[in-house]
Amino acid sequence: MKERIIFGYDAFVLPFTIGMIFIILYLGVGLVRIIAALSKEDRIKLVKSFVSPTLIKTIKDIIFDCLLHVKIFKKNLLLGYMHASIAFGWFMLIFIGHIEVMIYTPQRNGVLYYPVFFRYFVMETQETLRGAFFFFLMDFFLLMVLSGIGLAIYKRFKSRALGMRRTTRLSKRDTIALYALWAIFPLRLLAESFTADISGGSFLTKSINHLFHNFVNNSDHILPVWWAYSSALGIFLFALPFSRYMHIPTEMLLIVLRNAGIKSDNTREGFAETEIYSCSSCGICIDACPMTTQKKNLNNTTVYFLRFLRRRNKRKPIVPADKCLMCGKCVEMCPVGIDSCRLKQFKRSDVSENGAKADYTYLSSYSSNVKKGSKILYYSGCMTHLTPNIYNALFNVLDKANLEYEFLDKDGSICCGRPLMLSGRKEEAKGLIEKNSMLIKESGADILLVSCPICYKMFNEEYDLGKIKLLHHTQLIDSMIADKTLKINKSDKSFVFHDPCELGRGSNIYRQPRRVLTSQGRVVEANFNKKESICCGGSLGSLALSKPERDAITKHSIESLTYNKPDTIVTACPLCYKTFSQLSGTPVKDIAQVTAENLI
Amino acid sequence: MADFGFSLHPSSSIDLDNADKRLYKIVSELEPDIKKCIACGSCTASCSASNLTKVSFRQAILKLDRGLSEEAVMLLKGCMLCGKCTMTCPRGINTRNIINLILRYSDNKKIK
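Sequence order for the protein chains is C and L. Sequential numbering from 520 applies to the first sequence in the numbering used here. Sequential numbering from 773 applies to the second sequence in the numbering used here.
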C-alpha cells in the first residue's frame, strides 16, 4: 500500500470538493432555519426526543426508510430494489471509502475528497487479504448501484414494469440533477477501471481494465475520466438543493422531527418546510389519487401541490388544495410519510383568512330533549339523517339486543364540525365542538354511538369527552356478535366491504367490519382494499371537485369493489352508501342493514 | 298610522345602480355550477342549520345574482358546511364549494 501522489492532491478533485463544501454550508443554514422556525414547545419536544427511547426508533426508521426503502419494497419489489440499491449501495461506497482512509492513510483523515477518490491516490495490491477484501466490497456495491441506475433508466421508458402507471413530470432542475446522478456511477466505474492496473481493483474494475486493455491502459486517459467523475459529482451536489434530490438529506431530519411528535402548523415554514423538501417527487401519489382516474386531474395531485408550495407560488397550490378529496390515500402510500392533507387544510385556511367567518352564536338556544341516564347515546350526524334506513336498521339491532339508547339529534343535528375542519375553518369549528360536547356530556351516557365515520374521526381526535366511550356502530355490532348478544343467521351470500376513508385510513378500523360480515356470509375482497381502498367520490373533503368528476371516481371505485363479483356491496358510512347507491348496479347496503336482515 | 295587524311587503325591485355583482362574478368564474340552480329548494329543505336559524342556500344565490352580496353572506354565515345540500341537489351543484367561495371572497370588514 502506498500513496501515489505525495501531496495527496490533484486539481481534478476541485469540482467535487467545492460542491461538497457548498452542500454542507447549505444544509447547515437550512437546518438552523428550520429549527428556528419551530415553536418553542416543538423545540422542547425535539430535545426530549434525543434523551428518550424515541431515539432508537428514529435510528431504526432512518435505516429502514432512508437506506433500505422498506416501504417501497412493500409496494413493488423492483421499485424497492431500484431505490434501495442506489441509496444503500452509495452509502456503503462512502462508508467503506472512509474506512479505507482510516486504515491505510490515517494522515488523510478529514480530507473531504480522499475517501471518494481513494483509488486514484492510493495503490494497493489485491494480493493482500485486506486489499482483496475492500476491493471486492467496493466493486460489489458499485455493481449494486449500477444495477439500480440501470433500472432507473429503464423506468424512464417503461415505468409500468416497476409498478408505476404514471410518473412525475420532471422540472428542468430535476432533469439536470437526474442526469448528473446517472452519470456519476458509470464514470466512477470507468475511472476506477483506468487506474485498476496501477491502484488495483476487483472483479469489475479489473475485468474492464483487461477487457479494454489497449484503450484503457493508456495513462494519458486517466485524468480526463477522473475529471469527468468529479465534475458529475460536483454538478449533482450543486443541483441537489434545487432539485427533488434534496429529499435525501431532508428525509432524515423529517424522521427525527416526526418521531419527536412535531406536526406542521402552517403551509411552508418549520416542519412544513421539512415535509415539502422531503418529497422525492416519486409520483406514487399520482397513481394513488382517486382523482386521476381516466387521466384527469393529474396536475392536481399531491406531488405538484408540494412542488408549488416549495416554489412559494401563492396562487397555484390553491386548485389542488381545493380539489383534494382528503381521502388520505396519498398520505398512506407516501414512502416518506408526508402528511399532505394537513398542509392542504392549512392552505385552504390561508386562502379563507380574510373572508367572512361563519357564526354559530344561534346554537346557544338549542337544547336536546334526550332522557338522561340512558347508557347509549346515539348521534346520527348530518349524513345519516339523509339515509334514515341506516339508523332504523341500527335501532332494530339494538332493540333485538335489548339495549336502551337515546337519540341525541332526532330533531335535526348540529354538525360534528369535521366538514369545517376539512375546509380549513378549524377556529369556526370550535363553536360546534363546544356545543356538541356540552350536549353529549349533559346526557350522562357512557357510550357515544355514531354511524358516520366522519363524525367518528372528529369525536375521536378533536373532542374531549372525558370518560364517555366512543363507538362506531361496526365496533358495537362486532362486539355484540362476539359476546353472542346477537344471534346471526349465516347465509351463502357474498359481500364486499368498502373501507370508508375516515373509518379505514382515518381511524384504522379494518378488522371489525370484516368480522361482522364473515359471521353472516362470505366476504370477498375488492381489487383495491383496506389502506388502498378508493374513495367513493362523495367525500366532504373536496371543495372544488365537480359532480361529473366525482361520478367518474364513484364508478372507478365500484369497478374495484365488484372485481370479485359480490352479491352486495357493504359499507359503514352514510355518505359512501348514498354515493354508491346512485350509480351502482350491485345492491349497496350499510353494515347495520345487513346485520338487521340476518338477525335471528 | 293605524295598525291593521299586517304590513306591506317591502319592494323587491333591484336598483341596478347599487347592485354589486363583483362577488357573483368571482364565484361564478371559480364554480360555474352556480348558474345551474333551478331554485327548487331541496338544499334549504334538507339543511341542518336552517332547522335552527335563517340559513338558505337557494335564497343566498338568488340574492348574490341580484347583486345583494352582503345579504347573501348573512344568509350563509350560519352554514356548517355539512354537505347535505350537495347530496340532495337534483342538479348536482357543488353547493359546499359555492358557500365556501362566497365566504372566502367576501370582505369580512364590510359584513356586520
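Misleading hints may appear alongside valid ones.
[To be verified] Pairwise CB distance ranges, derived in the manner of DEER restraints:
| # | chain 1 | residue 1 | chain 2 | residue 2 | range |
| --- | --- | --- | --- | --- | --- |
| 1 | L | K826 | C | K814 | 41 to 47 Å |
| 2 | L | F778 | C | K929 | 34 to 40 Å |
| 3 | L | D792 | C | R834 | 52 to 58 Å |
| 4 | L | D792 | C | N911 | 45 to 51 Å |
| 5 | L | G777 | C | D965 | 27 to 33 Å |
| 6 | C | K949 | L | D792 | 50 to 56 Å |
| 7 | L | G777 | C | T880 | 51 to 57 Å |
| 8 | C | R562 | L | K826 | 57 to 63 Å |
| 9 | C | D1002 | L | K826 | 32 to 38 Å |
| 10 | L | G777 | C | N911 | 30 to 36 Å |
| 11 | C | K929 | L | G777 | 48 to 54 Å |
| 12 | L | F778 | C | E1116 | 34 to 40 Å |
The set of hints was computed from the structure by calculation and includes no laboratory data. For every residue, glycine included, the Cβ atom is placed at its ideal position computed from N, Cα and C.
Here's how the hints hold up against the structure:
One distance hint, 41 to 47 Å for the beta-carbon pair L/K826 and C/K814, holds here, with the actual separation near 44 Å. About 36 Å separates the C-beta atoms of L/F778 and C/K929, a value consistent with the hinted range of 34 to 40 Å. Between L/D792 and C/R834, the C-beta spacing of about 24 Å breaks the proposed range 52 to 58 Å. In this structure the hint that L/D792 and C/N911 lie 45 to 51 Å apart at CB holds, the actual value being about 47 Å.
About 53 Å separates the C-beta atoms of L/G777 and C/D965, a value inconsistent with the hinted range of 27 to 33 Å. Distance hint check for C/K949 and L/D792: the Cβ-Cβ separation is about 31 Å, which falls outside the suggested range of 50 to 56 Å. For the pair L/G777 and C/T880, the beta carbons lie near 31 Å from each other, so the given range of 51 to 57 Å is not met. Taking the beta carbon of each, C/R562 and L/K826 are about 47 Å apart, not inside 57 to 63 Å as hinted.
Checked against the given bound of 32 to 38 Å, the beta carbons of C/D1002 and L/K826, roughly 48 Å apart, lie outside it. Take L/G777 and C/N911: their Cβ atoms lie about 44 Å apart, and the range 30 to 36 Å is violated. Distance hint for C/K929 and L/G777: a CB-CB separation of about 36 Å, inconsistent with the stated range 48 to 54 Å. A hinted range of 34 to 40 Å is violated for the C-beta pair L/F778 and C/E1116, which are about 55 Å apart.
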